[in-house]
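Enquirer: Order-wise, the sequence lines are chains A and B.
Here the numbering used here runs 400 ahead of the position in the first sequence, where the first position is 1.
Here the numbering used here runs 168 ahead of the position in the second sequence, where the first position is 1.
Don't read these hints as lab results, they were simulated from the structure.
Note that the structure is a prediction, hence the values are computed from the model and not measured.
The beta-carbon is built from N, C-alpha and C at its ideal position, and this holds for glycine as well.
Some hints could be false.
Restraint ranges, calculated between C-beta atoms of paired labels, are given here [to be verified]:
#, chain 1, residue 1, chain 2, residue 2, range
1, A, 527, B, 395, 18 to 26 Å
2, A, 436, B, 214, 56 to 64 Å
3, A, 628, B, 231, 43 to 51 Å
4, A, 487, B, 228, 46 to 54 Å
5, B, 241, A, 488, 42 to 50 Å
6, B, 356, A, 475, 40 to 48 Å
7, A, 562, B, 199, 39 to 47 Å
8, B, 402, A, 488, 21 to 29 Å
9, A, 593, B, 395, 46 to 54 Å
10, A, 515, B, 218, 53 to 61 Å
11, A, 473, B, 400, 29 to 37 Å
Pulled from the structure, derived: some chain A residues nowhere near chain B, Cβ distances all over 12 Å [stated by the list, open to error]:
#, residue
12, 428
13, 441
14, 590
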Amino acid sequence: MNLADEPPVAPQHARGRNVGARTMFTLDRVGVRYGSTWALQSISLSICAGERVALIGPNGSGKTTLLRVLNGLIEPSAGTVQRPATTRQTLLFQRPYMLRTTAQRNVALGLWLRGIRWSSACKQAKEALERVGLAALAQRNARTLSGGQQQRLALARAWVLASDVLLLDEPTASMDPDARRMVEALVGEFAAGPLQTLVFSSHTLGQVRRLASRVICLEDGCIRADLPVDEFSPGTVSVESNLSLEGVLR
Amino acid sequence: MRPAMDTIPQATAAALHLFVSLDPTLLSVVGRSLAVSTSACLLAFGLGVLGGAWLAVARFAGRGAVLTTLNTLLALPSVVVGLLVYLLLSRSGPLGFLGWLFSFEAMVLAQTILVVPIVTALTRQAIEDADRAQGEQLTSLGAAPLMRSLLLALDERYALLTVLLAAFGRAISEVGAVMIVGGNIEGFTRVMTTAIALETSKGDLPLAIALSIVLLVVVLALNALIAALRSWRERVDGAATQVARVGVA
C-alpha cells in the first residue's frame with residue numbers, strides 16, 4: 401500500500417480540544433469540477449468534533465466549494481466524503497436567504513421541515529431569537545432586516561436545529577465593525593461547546609485568530625497549508641499563497 | 169336592431185349612452201366574459217403553478233423536450249384550442265357524453281387549456297430563477313426538492329400573482345376558442361370578444377365600440393394592478409427579488 405492509498409488522518413493539532421474525538425468529516429482525494437475547471441483538486445483532510453477550522457485563501461481558491469461539499473450540497477466529481485450519518489449540520493451563506501415572512505417564521509421553518517409541529521417550532525424559534533438578541537424583531541419581515549441582523553437570524557436557525565456542525569461562508573462579509581463583532585461573538589458562543597464543530601471561510605486575519613483553532617489555506621483548489629492557528633501567520637505558508645494572502649487578509 | 173352608424177364619433181357617443189343607461193345586453197355580455205375568464209384562470213392557475221413548480225426542480229430524461237413544447241404552447245393559436253375542444257366535446261368525441269358543447273363550461277375549458285401553458289411556463293421560470301439563487305439554502309435547511317419548490321412558489325407569490333393577471337389578460341382577450349366551442353349564442357355563450365366580432369359584421373358599431381372600451385379598460389386595469397403590485401411589493405419587502413417580467417398583452 402503506498403502513501404497515496406492511505407486514508408487521511410487528522411493531524412495532531414486537528415484533534416485540538418478533544419483528543420480521541422470522533423471524526424466529523426473525512427475527505428479522501430476529493431475533486432470538484434465545474435465544466436472544465438477544477439474548483440477543488442485532490443483534497444484530503446479530516447475534521448474532528450470540536451474543531452474550529454478557518455478556510456482562507458484568495459477568491460476562487462475553492463473555499464465556498466469545500467463548504468458546499470462538507471454540507472453535502474454538491475457531490476464531488478472525484479474522491480470520497482465521509483460524515484457520520486447522525487451529524488446535524490447547518491451551512492450559513494454569505495447572504496442568508498430570508499423567506500418573505502416574519503423573522504420568527506423564518507427560524508421556525510427549519511424545525512418544521514424536520515417534522516416539528518408548527519406551533520412548537522414557533523415557540524422554539526422565539527427562544528432562539530432571544531438568544532441572538534432579535535426577540536424584539538420577531539414579527540418583522542425578515543427581508544427588511546439589515547445584513548448583520550439577517551446573519552444573526554441565520555445563526556438562530558442553526559441554534560434552533562441543535563446543529564453539531566456549523567459551516568459559515570464568510571459570515572461577516574460586507575458588515576460594519578459593530579455588526580461583525582456581534583456576529584463573531586455569537587459564532588464564538590456557538591462554538592464554545594466542546595463537541596461543537598465550526599468550519600468557516602474568511603478573508604479577515606483577526607477573525608481567523610479570534611475564532612479558529614486550525615487554519616487551512618487553499619489556493620487554486622488545493623490545500624497549501626494546514627496548521628494550528630498558533631503557528632499560522634501569512635508568512636508561514638508558501639510564497640505563492642503568501643502573496644495572495646497578503647492581498648486578502650486584513 | 170340598432171341603426172348602423174357611419175362615423176366613429178357617432179358610434180362612440182351611442183356607446184357611451186349604452187354605458188350610462190346600463191344597457192342589459194352590454195352588462196350581460198361583460199358579466200359572462202368576466203365569469204368565463206375568471207373561472208378559466210383560477211383553474212389554470214391551480215394546475216399551472218403545481219406543474220410549473222414541479223418542472224422547476226424536477227430533473228428527468230426528456231425535460232428539455234418538455235420545456236421546448238411548453239414554450240411552444242405559449243403561442244398556441246386560440247382557434248386551434250377551440251378546434252381541439254370542439255372535437256373533444258362534440259357528440260362523437262371522447263368527452264361528448266358531458267354535453268358541454270356550446271355551453272359556459274366549454275368556454276371555460278377552452279380558455280383553461282389556452283392559459284395553462286402560460287401559467288406553467290412563467291411559474292417554472294420564476295421558481296427556477298429563485299431556486300438557482302436560493303435553492304441551496306432551503307436544501308441546507310432540510311427541504312426536499314418538491315417542498316423547496318413549493319416554498320419558493322409561496323415566496324414568489326407576488327410574481328405568481330402577476331402571472332395570474334397576465335393569464336387573465338390572455339383569456340379575456342381571445343376570440344377564436346370561445347367562438348368555436350361557445351357558438352356565440354345570445355344570452356348564453358356570447359362574450360365580449362365574440363359580440364364585438366358579430367356586432368361589427370352586422371354594422372352595429374355602438375355595442376361593438378362599447379364592448380371594446382370595456383375590454384380595453386379591463387386590460388388597462390390589469391396592467392395598472394400589476395404596476396401597483398410591484399410598487400407595493402418593493403415598498404413592503406425592501407429589496408426586491410427577481411420577478412417574472414410579464415405584462416398583459
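Enquirer: The structure should be examined with respect to each hint, and the outcome stated for every one.
Expert: Here's how the hints hold up against the structure:
Between residue 527 (chain A) and residue 395 (chain B) the CB atoms are about 42 Å apart, so this pair departs from the stated range of 18 to 26 Å. For residue 436 (chain A) and residue 214 (chain B), the hinted distance range of 56 to 64 Å is not satisfied, since their beta carbons lie about 43 Å from each other. The supplied range of 43 to 51 Å is met by residue 628 (chain A) and residue 231 (chain B), whose beta-carbon atoms lie about 49 Å from each other. At about 30 Å, the beta-carbon gap between residue 487 (chain A) and residue 228 (chain B) misses the expected band of 46 to 54 Å.
Look at residue 241 (chain B) against residue 488 (chain A): about 44 Å separates their beta carbons, and that is inside 42 to 50 Å. For the pair residue 356 (chain B) and residue 475 (chain A), the supplied restraint of 40 to 48 Å is violated, since their beta-carbon distance comes to about 60 Å. Taking the beta carbon of each, residue 562 (chain A) and residue 199 (chain B) are about 58 Å apart, not inside 39 to 47 Å as hinted. Checked against the given bound of 21 to 29 Å, the beta carbons of residue 402 (chain B) and residue 488 (chain A), roughly 37 Å apart, lie outside it.
A C-beta distance of roughly 52 Å is found between residue 593 (chain A) and residue 395 (chain B), which places it inside the suggested range of 46 to 54 Å. In this structure the supplied range 53 to 61 Å is violated for residue 515 (chain A) paired with residue 218 (chain B), their Cβ-Cβ distance being about 23 Å. For the hinted restraint 29 to 37 Å between residue 473 (chain A) and residue 400 (chain B), the CB-CB distance of approximately 34 Å keeps it satisfied. Against chain B, the non-interface label of residue 428 (chain A) holds: every CB pair exceeds 12 Å, the least being about 23 Å.
At the 12 Å boundary, the C-beta of residue 441 (chain A) stays outside the reach of chain B, the nearest C-beta of that chain being 22 Å off. Interface exclusion of residue 590 (chain A) from chain B stands, the closest Cβ pair being 16 Å apart, more than 12 Å.
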